[in-house]
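Chemist: Chain by chain, the residues:
4 protein chains.
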Amino acid sequence: MSSPRPPKFQRRKADRPDEIVAAALEIFAEKGFAAARLEDIAARAGVSKGALYLYFPTKQDIFRAVVEQGVAPNLDIVRAGLAEPTDDFANLLRGLVKALPSVIATTSIGGIVKMVIGESRNFPELAQAWHDKLVQPALSAMTGAIAAAQARGELRAGDPRLYAISLVAPMLVGVIWRETFTPVGAEPIDIASLAEQHVELWLRGVLSQAGAAA
Amino acid sequence: MSSPRPPKFQRRKADRPDEIVAAALEIFAEKGFAAARLEDIAARAGVSKGALYLYFPTKQDIFRAVVEQGVAPNLDIVRAGLAEPTDDFANLLRGLVKALPSVIATTSIGGIVKMVIGESRNFPELAQAWHDKLVQPALSAMTGAIAAAQARGELRAGDPRLYAISLVAPMLVGVIWRETFTPVGAEPIDIASLAEQHVELWLRGVLSQAGAAA
Amino acid sequence: MSSPRPPKFQRRKADRPDEIVAAALEIFAEKGFAAARLEDIAARAGVSKGALYLYFPTKQDIFRAVVEQGVAPNLDIVRAGLAEPTDDFANLLRGLVKALPSVIATTSIGGIVKMVIGESRNFPELAQAWHDKLVQPALSAMTGAIAAAQARGELRAGDPRLYAISLVAPMLVGVIWRETFTPVGAEPIDIASLAEQHVELWLRGVLSQAGAAA
Amino acid sequence: MSSPRPPKFQRRKADRPDEIVAAALEIFAEKGFAAARLEDIAARAGVSKGALYLYFPTKQDIFRAVVEQGVAPNLDIVRAGLAEPTDDFANLLRGLVKALPSVIATTSIGGIVKMVIGESRNFPELAQAWHDKLVQPALSAMTGAIAAAQARGELRAGDPRLYAISLVAPMLVGVIWRETFTPVGAEPIDIASLAEQHVELWLRGVLSQAGAAA
DNA sequence: TATGAATGAGTTTTCATTCAT
DNA sequence: CATGAATGAAAACTCATTCAT
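Chains as they are written, first to last, in the working numbering: chain C, 649 to 862; chain V, 649 to 862; chain E, 649 to 862; chain Y, 649 to 862.
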């Protein structure tokens, strides 16, 4: 009960794993799994190498935690997006696009996407988890919404899944570009502008004549 | 009578480098640079570990050769594409789209794109080379053509560079999908269909009213 | 009751570098740089191969540390010798000669000299350091003292540097002999006796008639 | 009988081994045994790597040939020296000293001495051969001659073996110096002058009073 | 014979993981 | 709990030696 002099800034033990995962995300995103050194992760997290093993049994487990931790927040976002009423398609999209920049800024999807792509063959379970929990649900939801809109006559005929891909791909490419080419001096892509312009393009491209006329 | 047991030594100096690079491409694309073992590359190329060092001084040099070798054929494709007359924009695009599937099938861009993304921080020179020699020229050419078409009144107003990205992104995502999610059981994306449908979508989205009416 | 089996890990950070250098000296002196195996050095030092890399980044650095560490103690000896008053030349030499055996016994110059000679082309910096810091200063000091004595008329005319070499060479040969031929069964050279007899010989050979008469 | 067109400069096959040994001497003297690469020796000898194996079964055998070939000419020199009448000691020495420079220039003792010193532990048989065939006979002969001169009253009392070492050591050191320190910028030692001055010094140091007066 | 591409055993080097403190 | 020195298995790299040509 009575610890003699409680330290002012007590290191919250409960936070350690998260700190480690955050540090690991940076290192893994930069180097990839194999080239990342636990020593660097430990240093970035401000703990000793040994301490990592108090929280994670192996390097792979740290990696899994990183990628899984990357799923959760995005999962929420996707869920939230899907919960929206889908009747006014155009405005829904415009709303999502508005939200995009802050999502990208706060979630470090960039690094995670890079890791998922780069390590998909070394950690198939992770690629699979990402696909099954995130990508596929989001894609189906969009596909479904598009199909529904087609059924209502709002959208043109065409493969709704491919329309969905047409919709999201440029933003994904923007994120990858930022991770890959911007650091080597390429002209950055302004993802917000891209999203805005692309959504309008896409809407013009898929709205049926009737809808377009509206 | 009996084939006198296959020779232990094979002398094929001229072919070896290419064979090694081809083998290395497969392994690197699968595992990434750090996780790839020279022993595996050697085995896949059908040579001994030591033989690799007859042609490449280090593992990094093999990797560089792989990525650089990936530039050349694509460079030709890009050049060829740019050489086309750009006056009839829509048909030019439709022509390129027709060519796409064979390009993707024959060049293993998939693996190379994955490597460039995944190792961009570990081999910035390669990411830069890819950007400077391939991505940036292709992108500027498209941007220029789009801007010209806008000036002629064929295409709507809007940032031509972002339009270009809107155009190519889905195909890129298709390629990445094939590398990342198809191997873990995801439903494949038919890139040819995607391209075809997307180009029409894009054209409808960017053609000016006048043009659209035509 | 029973000593609970010797610990697998020993933590001795402070002592380790010296222990490694000491072990390395033995191995390098025996085999030379290239033929020495890090495994042997590690074993002799009582550590694992990996532990060497906690203290030295490469094999070459271990070697450099060994040779450089060999400079220091000898440097002190040379400095001490040079600090002596040089007016009574004969007695100075006799004093130095008395000190010689313990120097040779305690400093393992033998092995180091052998290494410096054997690896002078592979590690020119080390040969140079040895020359510049040790050999050349000692030789000039002696040359200077001899020249001064000549000027005072105590010693005969003649090249003082060559006189200095005449003076020290036999002791050096004695050291080399011990490293080279004694281990293969040659009759040892008693360096102390050699030094004593040689100094007297040398003095008789260089003292001027007047001095000799005294 | 009738080779159609006899090549003008026929490669004498009989010379090959010697050419290889000569090349190997240079490389071994420079790098030592372990660090010397057969490829370099082959290149220096102007033959292919495989050709070495037509004449020598292993690297060690090349090395042995080099060191043994270094014995022969010196052996002759020593024998010649010993055959001389030893009655006039002083003049004998002066004669030998005159011969020294050409011996040093023509026999590359330098490199061989360095190799024998550096590899004595790795190839004890060679160190032993050198000692038994060359060094020890020469040293005993000198020792014997000195002892005889002492018996005749020409030379002072003292250990004759040590006197012999006193006599030859500076020249040996001169040779080592040339191999070790001259290449890193040290002031060269003029071995001829050294020898001349040292022999006179030595004679003054060992001749008995009576002899000195003579 | 002669070549030099190819081999594979041996060494250096790295780093995830363990454990004495 | 925490540390970081130490381990040792695994990977890159070297080069004497072999052998198809």
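Bear in mind the hints are in silico, worked out from the structure with no lab data behind them.
Keep in mind that this is a model prediction, so the values were computed, not measured.
Any given hint could be a false lead.
It does not matter which identical chain is meant; a pair holds if it fits inside one copy or across any two.
[To be verified] Taking lysine to any residue and the SDA-like style, the derived pairs with C-alpha atoms no more than 20 Å apart in a straight line are:
(1) Lys697 <-> Ala753
(2) Lys781 <-> Pro831
(3) Lys707 <-> Val751
(4) Lys781 <-> Val751
(5) Lys707 <-> Arg664
(6) Lys697 <-> Ile757
(7) Lys707 <-> Ile725
(8) Lys746 <-> Glu674
(9) Lys707 <-> Arg685
(10) Lys707 <-> Gln717
(11) Lys697 <-> Leu723
(12) Lys781 <-> Ala683
(13) Lys781 <-> Ala699
(14) Lys697 <-> Leu782
(15) Lys781 <-> Val719
(16) Lys707 <-> Ala684
(17) Lys707 <-> Ala682
(18) Lys781 <-> Arg826
(19) Lys781 <-> Thr791
(20) Lys707 <-> Ala683
(21) Lys697 <-> Asp666
(22) Lys781 <-> Gly833
Chemist: Next, verify each hint and record whether it holds.
Modeler: Structure-based check of all given hints:
1. Lys697 <-> Ala753: Neither, since 30 Å and 44 Å both go past 20 Å.
2. Lys781 <-> Pro831: between (30 Å within a copy, 16 Å between copies)
3. Lys707 <-> Val751: neither (28 Å within a copy, 38 Å between copies)
4. Lys781 <-> Val751: The answer is within: 18 Å in one copy meets 20 Å, while 32 Å across copies does not.
5. Lys707 <-> Arg664: The answer is within: 16 Å in one copy meets 20 Å, while 29 Å across copies does not.
6. Lys697 <-> Ile757: Neither way: lysine 697 and isoleucine 757 sit 26 Å apart in one copy and 39 Å across, limit 20 Å.
7. Lys707 <-> Ile725: Answer is neither: 28 Å inside a copy and 42 Å across each miss the 20 Å cutoff.
8. Lys746 <-> Glu674: Neither: 26 Å inside a copy, 40 Å across copies.
9. Lys707 <-> Arg685: Answer is both: 9 Å inside a copy and 19 Å across each meet the 20 Å cutoff.
10. Lys707 <-> Gln717: within (15 Å within a copy, 33 Å between copies)
11. Lys697 <-> Leu723: neither (31 Å within a copy, 41 Å between copies)
12. Lys781 <-> Ala683: For lysine 781 and alanine 683, the Cα distance exceeds 20 Å both inside one copy (27 Å) and across copies (27 Å).
13. Lys781 <-> Ala699: neither (31 Å within a copy, 45 Å between copies)
14. Lys697 <-> Leu782: This pair counts as neither: shortest intra-copy Cα distance 33 Å, inter-copy 41 Å.
15. Lys781 <-> Val719: within (8 Å within a copy, 35 Å between copies)
16. Lys707 <-> Ala684: both (10 Å within a copy, 17 Å between copies)
17. Lys707 <-> Ala682: both (9 Å within a copy, 15 Å between copies)
18. Lys781 <-> Arg826: This pair counts as between: shortest inter-copy Cα distance 18 Å, intra-copy 24 Å.
19. Lys781 <-> Thr791: Within. Shortest intra-copy distance 16 Å satisfies the 20 Å Cα cut-off; inter-copy 36 Å does not.
20. Lys707 <-> Ala683: both (12 Å within a copy, 14 Å between copies)
21. Lys697 <-> Asp666: Classified as within; 16 Å inside a copy, 26 Å across copies.
22. Lys781 <-> Gly833: between (34 Å within a copy, 13 Å between copies)
The earlier numbered hints that this structure contradicts are 1, 3, 6, 7, 8, 11, 12, 13, 14.
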